[in-house]
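Residue numbers (our numbering), protein chains in the order written: chain A, 1 to 648; chain B, 1 to 253.
Calculated from the structure, these hints are not laboratory results. Take these hints with a grain of salt, some might be off.
What the hints assert, rightly or not - Derived, one-sided and incomplete: chain A residues facing chain B with beta-carbon distance under 10 Å:
#1 H5
#2 T214
#3 S280
#4 N562
As the list claims (entries may be wrong) - In silico DSS-like links for lysine-lysine, alpha-carbon gap of 27 Å or less:
#5 A/K85 <-> A/K560
#6 B/K84 <-> B/K114
#7 A/K578 <-> B/K19
#8 A/K641 <-> B/K241
The structure presented is a predicted model; accordingly, all values stated were derived computationally and were not measured. Cβ atoms here follow ideal geometry from the backbone N, Cα and C, with glycine treated the same way.
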Amino acid sequence: MSINHLILRNLKKNLKNYYLYVFALIFSVSLYFAFVTLQYDPSMNEAKGSVKGAAAIKTAAILLIAIVSIFLLYANQLFMKRRSKEIGLFQLIGMTKGGIFRLLSAENFILYFSSLLIGIFIGFSSSKLMMMILFKFMGLETSTTLQFSEEAFIQTLIVFCAIYLLIMLMNYLFIKRQTILSLFRVISSTENKVRKISVFEIVFGAMGIVLILTGYYISSKLFDGDFTTMSELFIAMSFILGSVIIGTYLFYKGSVTFITNIIRKKKGGYLNINEVLSLSSIMFRMKSNALLLTIITTVSALAIGLLSLCYISYFSAEKSAEKNVPSHFSLTTTEDAEQFKAALKAEDIAYREKRINVIQVNANVAEIMDTKLKELNFDPNNMTLPVISDQSVKDLNLSKDETLFTGYNDIVEKIMSLKGSGQIELKGQRESISQKYKGLEKEFILPYNFTHGGLPVVIVDETTFRHLKNDINPKIQLESSLYIGIDIKDKGKIEEANNIFQDMTISKHPTNLSRLEMSNNQKQVMGLTMFIVGFLGLTFLVTSGCILYFKQMDESEDEKPNYTVLRKLGFTQGDLLKGIQAKQLFNFGIPLVIGLVHSYFAVKSGWFLFGTELWTPMIVVMIIYTSLYSIFGLLSVLYYKKVIKEAL
Amino acid sequence: MRILEATKIYKSYGNKFNKQEVLKGIDISVAEGEFVSIMGASGSGKTTLLNVLSSIDQVSHGTIHIDGKEMTGMKEKQLAEFRKNHLGFIFQEYNLLDTLTVKENILLPLSITKVSKKEADQKFKEVAIELGIYDLKDKYPNEISGGQKQRTSAARSFIHQPSIIFADEPTGALDSKSASDLLNKLSELNQKRRATIMMVTHDPVAAGYCSRVIFIKDGQIYTQLNKGEETRQAFFNDIMKTQAVLGGVQNEH
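Generate coordinates for the entire structure from the input sequences, incorporating the hints supplied.
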């Protein structure tokens, strides 16, 4: 048998065992290639809007490479350990270390580079699909063409060759460091032995749970006004992050062992087959993989969290645009409005017009301010707020000394909340008017350019308004004191009207706004982010799923003698498989559930900054993630099935 | 009463063109309460015989009855059911589950048969005290010695009171002191509980503890020795003599 023959034989055997590795490799190569193709694609930059698509995708590609290279190196390390016996045997029959290295390199070369080529091919053929998905997310309609980008091809080759060299270097070091004896022993020395539960573990275990719960508790209090300065907020956030991550680590290191041990103690030694296979094995194995599991849990929590937030933002793009621009179109000068109206009439689009006079007034709102936040860059004694007359608002009549606030942005409200009632003071140029504050309404009346980005609008009685207008402070007035809102009567024609608006020069003026355009812009930004985070998350999911699967493969080989014993004792394959299913439910379920709960609390604490709808987007993301993740659990059960079948 | 009755068992490996016959028509019968040992040189087929008799491997021809039930031709599920109720095993490599304590390991066969927890505890206590491992019940296998492991393994095979216990080289990995301890315990249990034990060994000392020794050579029964009223020493000498005749390569071709 020649060396070449040996290489082929090994390849065949490995392909059977590591089809998932090959799959993950092909998947990541094709994703990378598709990303790079997008990056070099001319239509990406033609995509209208202010979004710098190419730059964002470039960053994503770098992150992708980071994930993929860590995965490949880690997987390679696992394989080397598994094959250490084989390597020892080669050495025993007189092969030199250099020879073995060449053998492994050649083997890897074939496996790696054929996957690379397949990956590039798939990436090439799917890049159009990817681009279509991206444009769909971003709400753009640009025709896409299938182009083979040489730059992308070369870049992909270079990057993956570099990773290949890194893997080879690792293998070289591994082989070089080993003696024949230690190669034979490596498997037994890596798995830690069964030990008694120490007091430390109990303490660690309890501490892990406490830390995680503390983190959750603080995260739910984060924006409740308990943390009043920016630095306090920052400290609180760092604390949450730290305590949850350390807590997760301790949870795997101690709590799992601790909890399973309590359950076992209760059983008094009388375990049924499910418990034998699941509890006892998880109890000892989870501990040795604590670091790995912590990383997987944290990163998946991050991916789920980010994805949920992006989706929330995307999902509520229309609603938040409505808050920012209350009418379909918002203009600030009569000339622009006349021009636009003429254009609408020419196209026979019916509309409604609304004109509101807005003045900016400094107000003293210190008394109704319900916050301790000190480090904001404004003075509650002298806050510039937009003021309108109660006649501009339908069905509202205030008395002379009454004031109503309306349309307070959620984010701003969280930072500086207002009391239900109190006295405020509106300051003109010469004199101030004292007013009774009646409360805060939900409705948004003015676009964000009048409200300084989200401050409430002050509504006062017509007489008070006139009084204030005569006593105006010219320094703080905006360019325009007139808001003209135009609503299109027929909702189906909004898009047409928007096209007319965009084609006119008035749309270039920053205070002339279109709600549709705004919501589309947000969708574009969030769509792109979602696309990138989504695919990065998917890559991470695939790679971490693979790693857990490989770990399970290893474990099943280790436990094979146990299955032999159990089957000899008279347990059927079905009995064992049931136990294995329970075990895998924990093995894959615990990291998943913890990741999901982490991301739930993360999203819960700050979701209102991103949009208006929490549950639907978050649950959709979580369900997708869970179902993809479960595939790996199922695959591992199938592998176990094979091992159990062979065990007798 | 006959516990085990095997007639004309043949076992061959390989395919039509490259066939290797390991068992060539063996007849064995074991009565209740007997302590039988099977001896033979390496490759004589004794482990295959044990595997076939204990339903782990299938015969090519022949029939095996245990406790009056025919085992040959049973389906995998029925076999598992059968092993669970009628058979006990002791192996050379102990085959304890590392992740379970001594007590959990011993109680394993009972967990399949749905015995109540109280009854299980009672049974465990009896057998563990008899084998002298009751104090070790909360230890893990890697914390105890080889002899203790093997006694744990023995306790596991006795606890559900099987019709017959198969032991494959139970003393193979033990030092002589632990080995004789174990064999003493086994023969005690054999007498006290009237447990039927079939043991494969190539240690003549171990075989000396049995009531009957069957010698196998090249897949056939070569001879049998009955202890009868002999002392263990005399029986041991007989075994040694037979082994001397049996052993060695024949140079006649």
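Against the structure, the hints come out as follows:
1. H5: violated (23 Å)
2. T214: violated (32 Å)
3. S280: At about 4 Å, which falls below the 10 Å cut-off, the nearest Cβ of chain B leaves the hint on A/S280 intact, so it holds.
4. N562: holds (5 Å)
5. A/K85 <-> A/K560: Holds. A/K85 to A/K560 sits at ~17 Å (cutoff 27 Å).
6. B/K84 <-> B/K114: holds (11 Å)
7. A/K578 <-> B/K19: violated (38 Å)
8. A/K641 <-> B/K241: Distance ~49 Å between A/K641 and B/K241 Cα, so the pair is violated.
The structure is inconsistent with the numbered hints 1, 2, 7 and 8, although it conforms to all the rest.
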